[in-house]
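Chemist: Chains as they are written, first to last, in the numbering used here: chain A, 1 to 324; chain B, 1 to 364; chain C, 1 to 517; chain D, 1 to 339.
None of these hints come from the bench; they were simulated from the model. The beta carbon of each residue, even a glycine, is placed where N, CA and C say it ideally should be. Not one of these hints is a red herring.
Across the chosen pairs, the derived CB separations fall in these ranges:
no., chain 1, residue 1, chain 2, residue 2, range
1, B, W272, D, C34, 41 to 49 Å
2, B, W272, A, S165, 55 to 63 Å
3, A, S165, C, K130, 53 to 61 Å
4, C, E493, D, T219, 32 to 40 Å
5, B, L245, D, P104, 19 to 27 Å
6, C, D75, D, L116, 55 to 63 Å
7, A, F167, B, R354, 36 to 44 Å
8, C, S144, A, F316, 22 to 30 Å
9, C, F16, A, V313, 45 to 53 Å
In silico DSS-like links for lysine-lysine, alpha-carbon gap of 25 Å or less:
no., chain 1, residue 1, chain 2, residue 2
10, B, K161, B, K193
11, C, K282, C, K453
12, C, K346, D, K230
13, C, K377, D, K230
14, B, K360, B, K34
15, C, K367, D, K230
16, C, K146, C, K130
17, C, K315, C, K367
18, B, K123, B, K34
19, C, K24, C, K62
20, B, K218, D, K178
21, B, K40, B, K29
Not everything, but these chain A residues come out facing chain D in the computed CB check (under 7 Å):
no., residue
22, G140
23, V294
24, Q300
25, V308
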Amino acid sequence: MMSATAFRQVTQDRSLFVPAGLFLVLLCAVAFRGQGLFTNNGLAGAILVATPLILTTLAITPIVMAGRGAVDLSVGPLMGFVNVTLITWLVGNGITHPVAVIAWAVGLGAAFQLVQALVIIYVRVAPIIVTLSGFLVLSGVNLMVMSRPGGVAPDWMLSWGAGTSVFSPVLLLLLGAFAIWGVLRGTMFYRNLRMTGADERMAYTSGVQVDVVRIIAHMVGGVFAGLAALSYTALISSGDPTQGSTYTLQAVTALVLGGASLSGGRGGALGSTLGAINMFLISYLLSTFNFGTVSGFVTQMAFGLILVGSLLVNVFVISRRTVA
Amino acid sequence: DGVDQLPASERTIYEVVDPQVPLGASAYKDFKPKKGPPWKIGYASSYAGNTWRAAALDAVMNDLLPRSKEAGLVSEVVVTQSDLKDAVQIQQMRQMVDDGVDAIIICCSNVTALNQTIEYAYKAGVPVFSFSGYVTSPYAINGAANHAQGGGEMATWLADKIGKKGNVLLVSGIPGFASSDSFDKAAKDALAKYPDITIVGEVAGKWTDQVAQVEVQKFLATNPTEVDGILTQGAQENGVLNAMLQSGRDMVPITLGGEASAACYWRQNPEWIDAGFHIWPPRREMQQMWEIMLRTLEGQGPKVQSFLRPVLPFTIDEVRAAIPEDCDVNSTDFVEPKADGWFPSAIADQYFERPADPWKPVAQ
Amino acid sequence: MGSEITVRMIDVAKAFGETKALKKCDFEARAGEVHAIVGENGSGKSTMAKIMSGVLHPDTGKVTILGEKVASPVDAKRVGLTTIFQEVLVADEASVFDNLYVGRDGVFRSQSTGDRRAEAAEILARLVGKSVDLDQLAGSLPLSIKQWIVIARAILRRPQVLILDESSAALDLDSTLRLHAEIDRLRAEGATILIVTHRIAELVRIADRATILRDGITVGTLGKDEITEENLLSMMTPADRRASDATEYASRKKALSAPLILTATGLAAHGSARLFDFDLPKGSIVGVAGLDGQGQDAFIRALAGIIQPFGGDVKVRSVDTDKMFALRSLDDAATLGVSYVSGDRKREGIFPQQSIFENLAIGVYRKTLGPLGVIRKPTLKPMFKREVDRLRIKIGSPSNRITSLSGGNQQKVLIGRAFVNDPQVILLNDPARGVDLGTKRDLYRELRLFAEKGGSVIYLSSEIEEFIGFADRVDVFFGGTLFRSLTGEEIAEAPILAAMFGKSRDASVDFDLERTA
Amino acid sequence: MISTVLNTEIGATRGASPLRKHKSISIGFCLLACLLILGALLVPGFVSPQNARSILLLAAFLGLASVGQTLCALVGALDLSIPYIIGGANILLPSLMVAGLPAPVAMIVVLLLGILVGASNGALSFRLQGQALIMSLGLGFAAVGAVQIYTSLGSQFGGTVFAPVPGWLRNLSAFNGKFFGLPFPPVIVIWAVIAAALGWIMHNTWFGRSLYAVGGSRTAAARLGISEFKIWTVIHSISGAMSALTGMLLLGFSGGGFVGVGDPYLFTTVAAVVIGGTSLLGGAGGYGATVLGVLVLTVLTSLLVGLGLSFPAQQAVVGLLIVPMVAIYARSPHIRNQI
Ligand SMILES: Nc1ncnc2c1ncn2[C@@H]1O[C@H](COP(=O)(O)OP(=O)(O)OP(=O)(O)O)[C@@H](O)[C@H]1O
Ligand SMILES: Nc1ncnc2c1ncn2[C@@H]1O[C@H](COP(=O)(O)OP(=O)(O)OP(=O)(O)O)[C@@H](O)[C@H]1O
Ligand SMILES: [Mg+2]
Ligand SMILES: [Mg+2]
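Using the sequences plus the hints, can you model the full thing?
Modeler: Below you can see the structure in the form of structure tokens.
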């Protein structure tokens, strides 16, 4: 039930202005540079390639929203961890049943995030430190589980990575995540989460079970990380212990590009998704230019500049609101 | 399967081989390109940070492409670089396919991650050529030196050189990359045959001299153990050499892979060792891949999935011929086999169903 | 009046490390009564409220609310107890509606917004006196509306027990009356209302009973008829501290005719307020009073160079040249010798992770800088000692963290920070907030000494009593402008109060009168 | 790093006695001592001049790279541009020298560019507070991208630059470098000098004190006329300068320009700061603590290498160590005590 008020809230939410604006600009630019993206195959490929990033960004969204500066640095390696254990421990031991594989991915993600949440809540160490530690531990453990890329995804998953149809199972993963988020958004949990992130003391004294909210936020994030790992496994049809780490910075960047505040309270699935799609579009757009030898460097520079620019515009838009 | 169709002389090259390298018949035996020449080629490299990649790209842009243009075979080359991110490489390759390239050369990528994308390209009529490394997809054509055989040969050489006993440091490339892993595996197997040789350490040089130098330095500094020889992959031996020079230890034999810089040190210290190895000469390997690509596009029908070349030892005389006495120990170049010394057309012809000179295609 | 006991505390004690906030607290409140909790600053009132709300757990003793134990705010919600805490807790990034209903439901239950919106809109309109857009972000609203949101949040819960910890402190008269009406309504419905307040007039009007806390001990409970100022004061303050301070101040000769050291012309606290002028004679103590939100706070900040006043100029006489210079920024203030002390020490005063020494000395570093910004340390120790002695700051080791001090002593350190620069004007923005009487007296004495030596003081306070016998002049703000200047005989409770409510010279203010009017 | 959580830290160290104040330092020392003893017992040759020299050399690079991270952490920021500036400097210096600039001029140019990137970091991100780390990441990308484009003009590679490294630079930071004839590389001395100077500056200058003030309470600092903008800009500039310096010194160590040399410093600098005991939330800690953190981290790594642990295992162990370390001295107060 996306009521009129909810719609009003979305349109009122200035933090979406910049990502939405950037999205339109990028879309126009991509359309101008070549229509490859707007074909069935182009879109299918885009969904295939962008989904792991969208889902990792979604995975840190509830955690960041819960406040305390809880940027989850561990999310990339966590996705990698699910990926390599899936390939080595499950498929490697002949367990390929879809239910088992999906349950493993989702369960492992949620379990790891549960541990992190418990440490944050009961050991009371700042979340960024806990997740930095998670990042280092998992980055190491991933390479211990699987020393080099390899293995094969379960047979039923191989076709997922073909990316020849827009309506692929990967899209289903994405829609599944959106559905979970949509359901949560309709419950008090979502409001409690936002309020906890916006002012934890207020939420606590008003009778919000902030610890429960934080735990759930982490576990939902973990579930999304599991889904991200599935889509990533589908993308590369194998295991790779090294790539996960790079997703952390990308996801945090996408989150910020999506207008979320790393200090909590502000942000949401829509913004995060836009942010991640924008990241994909930037990279897509830059690939359409033939910069030859320096292509990687131009990409890197342009990407940095777009990041800086959109952050600055964001500040401008948001500070305008507080003045108004 | 594919290799059986090769003449016996070539089949020997495939005797020692990484078991993961696909040896079946090529999917492109009866391949006809979407259209005739000139073709548009995509080069999806995964990295651009080292001299070796630079030399390979240089071979494309400043040698192969101009020549192909002149012959009316290739109209342009689109280059992308993914900074070792598989997802990005996948997207770039798909983009190339969607934008209508006629063939894609990929470089030294993850052995499995790109398989779905390669299939996607195949279905769009775009063959994918994996240069200097293999991928396991049946729809790719791999072209490289036989890194397993090379690893074995270089390890055996080193073992002999240090008297079949002692401590060896293994300097690997990028763990997880096809050629790197093939090399390491075979090298370790070869060394395992010498009971008195121990591998005392394993570091990753990432095929980049600076990285190799730092890693070896760190190893030497924190491990007081004796090191009697260093087995390193190619394209990083100069870093290893410099690390040894800096450590203040006595120089030990190091395997050379063709970097002109390290070769220069050898030229100035001819007593040091007695052989180097062309293991992945960037320009020659690229030329090999390029010619395989042209032949495939010309419909010559490759017989095998993987075109492997034997690793070629070279002597100090070859080095003397290639670089001057006052050579540069910081050179970024490579000592490479002669133009037709790596994949001569007479041999190449044996790998194709309907061989012809790739540079002078019969009008279609 | 129902006699059912709803809140009961028996022999409760609570210590924070060394500090014994509550030593022996016995308390009972009944259904259908308004029960006041009074006591000096730091006597443990807020601690008591937090214990009842389940935020804090008592070290010893027993607390029952409506017959149940309350161990957390979630429990409190369940049994029907709601607390409005001293601090205004509002989430800026969330809508008004979300702020009103935060924590109302469990973690999951789905949201039902229909009825709630109507209910919220109605109550908020009744409290604020005009309708408020429920969908706008709370962050964009003024503080007074935020305070109402917090009150509305509590009232919407229809609590059986409602605790208000100094919630009326920030409300103007009109608003206070609306709040009282709301409290009356709840009382009539049989709820227990506990109010913590320092406003004696308010107490006298609304409370049915009052329990007095002194140093963490409940010293007694007064019935409606016994609640008088004398009774309250005599129970709140130990006899030895009760001696009038007025005698000490009486001797000071008035300094209002001295040359002006600071003038402000054409100021206004906000865009629409009437412009006013202000002047400060050398050696005088000028009090600044006003209900919350009347512009006195912005005024004193503008004098300190923290914010820009709407239009107008602030000029200060420079010691060296004896000319008037404009003061537009903090730097100007520093060079012209104008120091500012905030009462909000937690937010804009202390550096919590730093030592006591550092917290005091940082005020003077800039004056002692050698080349390259190097601090000349040797001069600092004597300076520190001088201030500590002068202000009688009770400290252990100077290298202890400032947070190891009691609130009053923290405040003294901040005042020391202002004094250490030898300023010619000191601006104090409600410095005695949360400061006990002994400390206050030390502070008054030092300020008087300072004034006698030719310094000038502007002293903003929310407690009228502070001005009496202390200030040479009291400037009262109302409606964003300087409403009246009181001197001499007029510096007394009734005239100041009248002026604060925007009344003419003689009208006395009485809550009951206002209500019937 | 995040301003809204600043207040959670306040209670953490309430009522601190001097002992408590130096808790993180004493724990750091204990840990270091334990590691050294363990190393001596378990790894032959661990306690040797060579090993000490190599630990100090590696620590010096990490220590120099962590200067900026420490200062940033003190105001609650994180600087993620450090690895990129290091990498950029590492390839820019040789390519400027190849282009004909005399070494000292080239070094100054690189240093100034590092400062420029840092200053823009600070100036642009000071309003962002919580988002500052992404701003620094973006600028880092932009800077290293630009440098790589510059270095690849006319050559084939941007990631690596080959040029003869001058002997004196090599001597500065190579294992076999000599400091006035003494058998250790001068970079260790450079680090020691910078550490001592920084420690002194932090305690004895207006800049140092205002830095702590801004980190402790932005508003209170503003009331004292301390410009938060200036502080952010200056510390980020210092961070840029130190990263550039580290990048240039690493050139002498690795023998050639390679843009990836900075990569390991992305999270290790943060880890060193955290292990040392500087709060990432601002206001408490200092470079002395970071020095300790750097030494603990380097000795630990060396010990783990000596024990034959692979790189991944080392990383996991370091990660596992962080939470207990921080839990000993920097737990946040329970929310009950924050109302
Ligand atoms: N969390 C805490 N930790 C340590 N001491 C505390 C804490 N909370 C309160 N105190 C101390 O307990 C005592 C009682 O404080 P409390 O806030 O209850 O006083 P109060 O009567 O509400 O004062 P005020 O009128 O200023 O609100 C004070 O000395 C205070 O310093
Ligand atoms: N967790 C804590 N540990 C130790 N001391 C504390 C703690 N919380 C508060 N205090 C001390 O208690 C005193 C006042 O605390 P409290 O939180 O009650 O103040 P407050 O009521 O909000 O402010 P005010 O000074 O206006 O009354 C201060 O001295 C403060 O340092
Ligand atoms: Mg109090
Ligand atoms: Mg109180």
